[in-house]
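Asker: Since the structure of chain C is already known, use the hints to place chains F, H and S on it.
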Amino acid sequence: MMGLASYLIISTILFICGVIAILARKNIIAILLGLELILNASALNFVAYTRFLNNSIDGHIFSLFIIVIAAAEAAVALAIVLRFYQIRETVHIDDATQLQG
Amino acid sequence: MSMSNLDIYMPILMLLLLGVLLVGITVVLISKVVRPHNPNPVKEQAYECGEDPVGSAWSLFNMRFYVTGLIFIIFDVESALMFPVVAVFKSMNEIGLGGLVLIELIIFITILVAGLAYCWRKGDLDWVKSYKMSEDSKEGTGIEND
Amino acid sequence: MFDLTLFFISAVLTVIGAIMVITTKDLMHACIYLLASFLGMAGLYLTLGADFVAAIQLLVYVGGVVILMVFAVMLTGGPHAQKQNKFGMIKTALMGNIRTYTIGGLTAVVVLLMMVKLYISIFKNYTAGELPNYLPTVERIGKSLITDHVLAFEISSVLLLGALIGAAIIARPRKNRIN
Amino acid sequence: MTDTIVSYLAKFGPFKDLLEFLTESYGANGPTLFAFLIFLVGVIIIVTILSTIGGLGTYAERKISADMQLRMGPNRVGPYGILQFLADGVKMLMKEDIVPKDVDRLLFFIAPMLALTGVFGTLAVIPFSSGFTLTDLNVGVVYLIGISSLVGLAIFLGGYASNSKWSMLGGMRGASQIISYEIPIVLSILAVVLLSGGLSFGVITRAQGGWPHEWFIFHNPFTFIGFFVLFIGSLAETNRAPFDLPEAESELVSGYHTEFTGMRFAFFALAEYIEVFVVCGVTAALFLGGYQVPFNLGGDTIWGQLLQLGAFFSKTLALYYFVIVIRWTLPRLRVDQLMTMCWKYLIPIALFNLVGAGVWMWLFKGKSLFVLLFKSGTAAAGIH
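Keeping their order, the protein sequence lines are chains C, F, H and S. Going by the working numbering, the first sequence wraps up at 101, each residue one higher than the last. Going by the working numbering, the second sequence wraps up at 146, each residue one higher than the last. Going by the working numbering, the third sequence wraps up at 179, each residue one higher than the last. Going by the working numbering, the fourth sequence wraps up at 384, each residue one higher than the last.
Isolated chain C, as found in the complex (with noise of 0.2 Å):
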């Protein structure tokens, strides 16, 4: 039963939940919690390979970068979505569309 595959399986089920929360979420913090899911999702495979594959330390050390660089990218990208509702009053996506061109 913990094969690799269940493993695949929940990850697999973290990133859909992860693409689901980007898409469907209108408000930009829930997009950003959409965005640590997919990242825990790869940190998962990683570790998982590592178990079923070669025991080689790699694994753990790439998922150890993977959660040391998604919380600083929640840091950052926080900070731009509080600078984003000052100047907006708002953290719609849709109002989003500065850029748009």
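Hints are computed from structural coordinates only; laboratory data are not their basis. From a predicted model like this one, the values you see are computed outputs, not experimental measurements. Glycine is no exception: its CB is placed at the ideal position from the N, C-alpha and C atoms. Fair warning: there could be bad hints in the mix.
[Stated by the list, open to error] No farther apart than 30 Å at their CA atoms in a straight line, the calculated lysine-lysine pairs in the DSS-like style are these:
hint : chain 1 : residue 1 : chain 2 : residue 2
1    : F       : LYS32     : S       : LYS101
2    : H       : LYS143    : S       : LYS365
3    : S       : LYS365    : S       : LYS375
4    : S       : LYS95     : S       : LYS11
5    : S       : LYS63     : S       : LYS91
6    : F       : LYS32     : S       : LYS375
7    : S       : LYS16     : S       : LYS101
8    : S       : LYS101    : H       : LYS25
9    : S       : LYS11     : F       : LYS122
10   : S       : LYS91     : S       : LYS101
11   : S       : LYS367    : H       : LYS143
12   : S       : LYS375    : H       : LYS25
13   : F       : LYS32     : S       : LYS16
[Said to hold, decoys possible] To be clear about the criterion: a stretch of chain H counts as covered by chain S if any three or more of its residues have a C-beta under 8 Å from a C-beta of chain S, and this derived list gives those stretches:
hint : region
14   : 24-32
15   : 43-56
16   : 67-78
[What the hints assert, rightly or not] One side of the interface only, derived from the structure: several residues of chain F facing chain S at Cβ under 10 Å:
hint : residue
17   : MET10
18   : LEU15
19   : THR26
20   : PRO84
Answerer: Relative to the frame of chain C, chains F, H and S by itself:
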């Protein structure tokens, strides 16, 4: 119980589930059985030293709470990266590689201390914003209190 | 026996948490379900023998990112931010418009095709060999972080510095704007 | 390898027969079932002991503050008022559970649950003694910091869910205070991990000896300062003493748990008092030699374990007493003083300590100050 299987994590799961169940059962079940339950509108207003509450609570919030959280997460991630290096320092020191690890650690820390110094200099760390620091305050220093 | 229960509880927590993140209307509830999903992820890492990555997931995600998200939700007008945008169009979370559904449908089809191909290859020729038993991973991670991946270790501090300064500049409270 | 209470008890007679009996009757699942039984009993014992310690903490606080102010503390319930906390518990149970209107019901229910779960999660790793640690994880310290950060989130949710401006402000201040004081704590723990060469509490405690001069607090000047940074940080982490602004009675009307009544408030208070014990236990384990006993009397025998248990509890309760005394001696810090102290004083000092400990470790090959002085002393004496 050697590390050969996952039994060492059993007490963690037990304790977390115990925490959840303890609160769940006592708050939900016992309150139905034991407690008086006579709601009345005045009693259910939020407590405001006697007056009736005005306005919703979710309006006021201040940017510096976020800046604190931001700097926290960068240093939290930094210490997360340093944990394995620091844990291995002693064994590397015994085989003579201590100097190499120390240099790597010092480079890592000085780069981030530069970030902290920048935030300190730009006034992100002080709680009471003095606006002469931020670049777009033209007229004098307006101290904006909390 | 216990590893099956740990795997089952963590998997259920992760999947239910992820699904609830996208279906709940209130943003603060979404953050809490995300927290539940991260806790489930830490459990999954344990069943994969990655005890240090699980601890770091707890430290960074549960202790940092969720709190940051909750602060950000509070800073942008609370969880009941207006549902419709400036032009008065009311859009509930899942309704979206036709464009969203077509994109969603296309993505789903692509992902499904990829998944089916992936799982056929896995089920067909993956024989679960003798799995390595659970060894502590901190020493191996520490050694390889210092010797093989030292460049990544040092560059990540430069990355964190950039993120810190960039976000600090952007998020600094300004005097003449509401904050 | 990771040794737990199960591997310790399995060495003794009655438990060994139980283990053999279970492995015969259940085959491969036998050891797991054996571990499950032992862990279940261990968890229940530790939770009841810690809850009574948490309750006695409230009693001790009221008694100590009473005789510091020349008055009588609670002395009605039970001999010298020792059962006061049970009376409080029953009263909390019987009180009506008022849920204010338009409150976020889900989070109002989850906040005390998160606080208690976060604190109970840390109990699995606290090194009571070499045998009685529930599970001596290989990543014990990182796990403990991660799980105890749930309490900060619970405090914010408590403040946010109760929909009143005061508790909202208290919740925000509490959460930002807890997360900003987590950094000096983590950095001073890094210094200790650097000296002991391992992330698990067992390795860190074994790296210290029984005698005070072998403890990490006197190992070198950097860890000496690190002890005080960790102690101050843990005071702030549990909203105690000079840092109790989030629940400041006078200003914020007891901050984030204003609207919680009855058992919900009791769980917040219980979580806080148990967390003070946990934090004092961690400080004792990291800097004061945890369960180490001089003349290495502690060992695998039952008496050795009880001695180790006694050593750990006496060190922790000494710190606990000190925490309580501080509460009634120091005035409360203002918000900006509190934040300035953390960001501009504690964090630079903690970073300096970490680099200093690394340099000390490299220069003197990890030998402590006394070993260096003592060795040069004998070398000098040897010359004469």
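Asker: All hints, please: hold or fail.
Answerer: Results for each hint:
This hinted pair checks out: LYS32 (chain F) and LYS101 (chain S) have alpha carbons roughly 19 Å apart, not beyond 30 Å. Simply put, LYS143 (chain H) and LYS365 (chain S) have alpha-carbon atoms about 19 Å apart, close enough for the 30 Å limit, and the pair holds. With a CA separation close to 14 Å, the supplied pair LYS365 (chain S) and LYS375 (chain S) stays within the 30 Å bound. Among the hinted pairs, LYS95 (chain S) with LYS11 (chain S) is inconsistent with the structure: their alpha-carbon atoms are about 48 Å apart, more than 30 Å.
This hinted pair checks out: LYS63 (chain S) and LYS91 (chain S) have alpha carbons roughly 19 Å apart, not beyond 30 Å. As the CA atoms of LYS32 (chain F) and LYS375 (chain S) are separated by approximately 69 Å, the hinted pair breaks the 30 Å bound. For the proposed pair LYS16 (chain S) and LYS101 (chain S), the alpha carbon gap of about 57 Å is over 30 Å, so the pair is violated. A hinted pair counts as satisfied when its Cα atoms are at most 30 Å apart, and LYS101 (chain S) with LYS25 (chain H) qualifies at roughly 20 Å.
Proximity of LYS11 (chain S) to LYS122 (chain F) is assessed by CA-CA distance (about 61 Å); at most 30 Å being required, the pair is judged violated. At roughly 24 Å between alpha-carbon atoms, LYS91 (chain S) and LYS101 (chain S) fall within 30 Å of each other, so this suggested pair holds. For the hint linking LYS367 (chain S) to LYS143 (chain H), the alpha-carbon distance of about 23 Å falls within 30 Å, and the restraint holds. As the CA atoms of LYS375 (chain S) and LYS25 (chain H) are separated by approximately 68 Å, the hinted pair breaks the 30 Å bound.
Proposed proximity of LYS32 (chain F) and LYS16 (chain S) is contradicted: the alpha carbons are some 45 Å apart, above 30 Å. Check on the region 24-32 of chain H: 4 of its residues sit with their Cβ under 8 Å from a Cβ of chain S, so the three-residue criterion for coverage holds. Closer than 8 Å: that is the beta-carbon criterion, and the region 43-56 of chain H has 5 residues meeting it against chain S, so the requirement of 3 holds. Here the region 67-78 of chain H counts 4 residues with a CB under 8 Å from a CB of chain S, which clears the bar of 3, and the coverage holds.
At a threshold of 10 Å, the smallest CB-CB gap from MET10 (chain F) to chain S is about 5 Å, leaving the interface hint in force. Interface hint status for LEU15 (chain F): upheld, as the beta-carbon distance to the closest one in chain S is roughly 4 Å, under 10 Å. A distance limit of 10 Å between C-beta atoms decides the matter here; for THR26 (chain F) the minimum to chain S is near 5 Å, and the interface restraint holds. Nearest Cβ of chain S to the Cβ of PRO84 (chain F): about 8 Å, under the 10 Å cut. The hint holds.
In the structure shown, a violation is registered for the earlier hints numbered 4, 6, 7, 9, 12 and 13, in ascending order.
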